[in-house]
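**Student:** I would like the entire structure built from these sequences, with the hints used as guidance.
One line per chain: the protein sequences are A and B, in this order. Just so you know, the first sequence maps onto residues 135 to 566 in the working numbering. Just so you know, the second sequence maps onto residues 58 to 223 in the working numbering.
For the record, the hints were derived by calculation from the structure and aren't laboratory data. It should be emphasised that the depicted structure is a prediction, and the values quoted were computed from it without experimental measurement. Treat each hint with caution, since some may be false.
[What the hints assert, rightly or not] Result set (BS3-like, lysine-lysine): computed pairs, CA atoms no more than 27 Å apart in a straight line:
#1 LYS88/B - LYS521/A
#2 LYS259/A - LYS319/A
#3 LYS333/A - LYS88/B
#4 LYS333/A - LYS178/B
#5 LYS358/A - LYS178/B
#6 LYS88/B - LYS216/A
#7 LYS178/B - LYS88/B
#8 LYS319/A - LYS423/A
#9 LYS379/A - LYS239/A
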Amino acid sequence: MCSHDTHDSYQPLTFAAKPEQLVQADRVDGSMYYDPGLFELEQERIFYKTWIWVAHESEIHNPGDFKTTRIGRQPVIVVRDKTGAIRVLENRCRHRGATVCEKSKGNATGFTCPYHSWSYGLDGKLRALPYPDGYEDILDKTELPLRSLRVDSYAGMVFASFNQDVEPLSDFLGEAKRWIDLFMKQGAGYPIKTQGEHKFRFRGNWKIQLENTTDGYHFPIVHKSWMSSVDEETSEMLSFMTDEKAVTHALGNGHSVMVMVPGHVDLDQDDGTEPLQERFAHVTEALSKEMPPEQVRRIVRSLHGAGFNLNLFPNVAMSMAFFRVLHPVSATETEIRHIALGMDGGPEIANRERLRIHEHFQGPFGFGSPDDAEAWERVQRGSYAGKDVPILVNRGLNREVVADNGDKISHATDEGGMREAYRMWKRMMSDE
Amino acid sequence: MNKPNELSVVSPSLQLAAEFIWREAELLDRKNYQQWAGLWSDTGHYVVPIDPDTTDFEATLNYAYDDARMRAMRIERLTSGNSVSAVDAARTVRTVSRFTEVSRSADVIEVSSAQILVAYKREIHTLFAADLTHRLRFTPEGIRLEQKVVRLINSADSLNALGFLL
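**Tutor:** Quick look at the structure:
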């Protein structure tokens, strides 16, 4: 069992409170959702300090392929250079600060600033600038590359950090690596590729979204309209409220995983007894003409993705069949990307089916995300009331157990994943 | 008052198409989704693409790519009371204009137009500007929607969640 803080000593907190005072083992302060000073501190102590997910390798497959994104509010370019190495560059000309690229993705041989035509290579090196006589003896091009971030990847997931002294990515991911490997099995023997994304914003703090990824408790309530729109097999598959095998693991370093479909945690494990879903009959039939039954089963069983949501602190989740990426915009606004996944080189009919599944739930027009966003905006609005009333994250503390590997395990409807994220938040925010 | 759905066999014209599209816009602003459902042919697709250039909607990720089955489920979602975002959906007012004939055959006309939609919810007005394309089939039972494509001018950017139809 986990230790409890004393419940009767809760003190209303103010903007002057230190970050570590805002988080207790079973509750957090509502100002965490709207204090702009805290938001700035989060940028410095979390988003500019640790590993932030920036891309999946399939998005930048070939030399010259790039995408632009942000870490915190800083614009960066993720690019594969001529040698095949992935680089993450600050999207800021070293001359007067203009962005050197405003395309969301593409292929380039280099980046040229539109203001005075300083041009940079894919590796960030400053290659040329016009009319160089004005810089003779006062400028050394080798000292003015686009600045590079630390970059590392695991299983195709590319992370970057502004902190050159950040711990190794492998250590940061820790116990989560096992789950990343399991997640990738939905490729059914093919590498995973991204297949487009839904981007949407909600008027609320990023941590409200972070909490949601391992919040099984909300699922049958907020997503009632989605549940009633899918076939019986799919709604049955996601009826985990009283399933004892549906558990949440707190994995350390803020990461957590919520298992919703225990039978699909390891998609390679198939005893052949699970019937393939009737809704995918057309896919099963088409694939059966071109491949053996085992491979058909492997692909069709994987169409809904892995049977869990893996939440990696602070900005990416690997949720069933998609990646969820969050970008904090301000204390009270957050952008979310839901990136659809498919099998790179896999059968087109199955990849298209995955697009339709994604459209059904995700995005501003989906049957799921708008209801999530509505609930999150209500949290944001409500959190201003009752400044002496905490946000509770105590569900399941009475049944949390510690496994041999250190994972804290409770039910999928419990709030152990949120407690894990807030432990990490507290640790990082308390570092001077 | 023109009732396009009760027309006998009439040749397609831009004027009749525009009147049909205005009537459709009003049904959507009034959230009269059941009646809106009746405007469609069984094979019709309602599409809100993300990629501004794509025409192969099946092969790309869209905001919405609804055949008859998905449309029926979407209407059920918007009207059942089970969706918290639909129950508390924004009020909308839209104008559709700039009608241009794209193509015409004996019984089908394709019309492009501009839609300016303002949504209001909780003190905030949000603008949704879009190019629309309607493919309309003129049948003895009336005009039927074969396809409606809504290309938001900011489709590739992040949107706020919608509890209504464009």
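**Student:** With reference to the structure, classify each hint as holding or not holding.
**Tutor:** We went through each hint and held it up to the structure:
1. LYS88/B - LYS521/A: violated (38 Å)
2. LYS259/A - LYS319/A: violated (38 Å)
3. LYS333/A - LYS88/B: holds (25 Å)
4. LYS333/A - LYS178/B: Distance of about 20 Å is within 27 Å: holds.
5. LYS358/A - LYS178/B: Judged against 27 Å, a Cα distance of about 22 Å means the pair holds.
6. LYS88/B - LYS216/A: violated (54 Å)
7. LYS178/B - LYS88/B: holds (15 Å)
8. LYS319/A - LYS423/A: holds (23 Å)
9. LYS379/A - LYS239/A: violated (41 Å)
When each numbered hint is compared with the structure, violations occur for hints 1, 2, 6 and 9.
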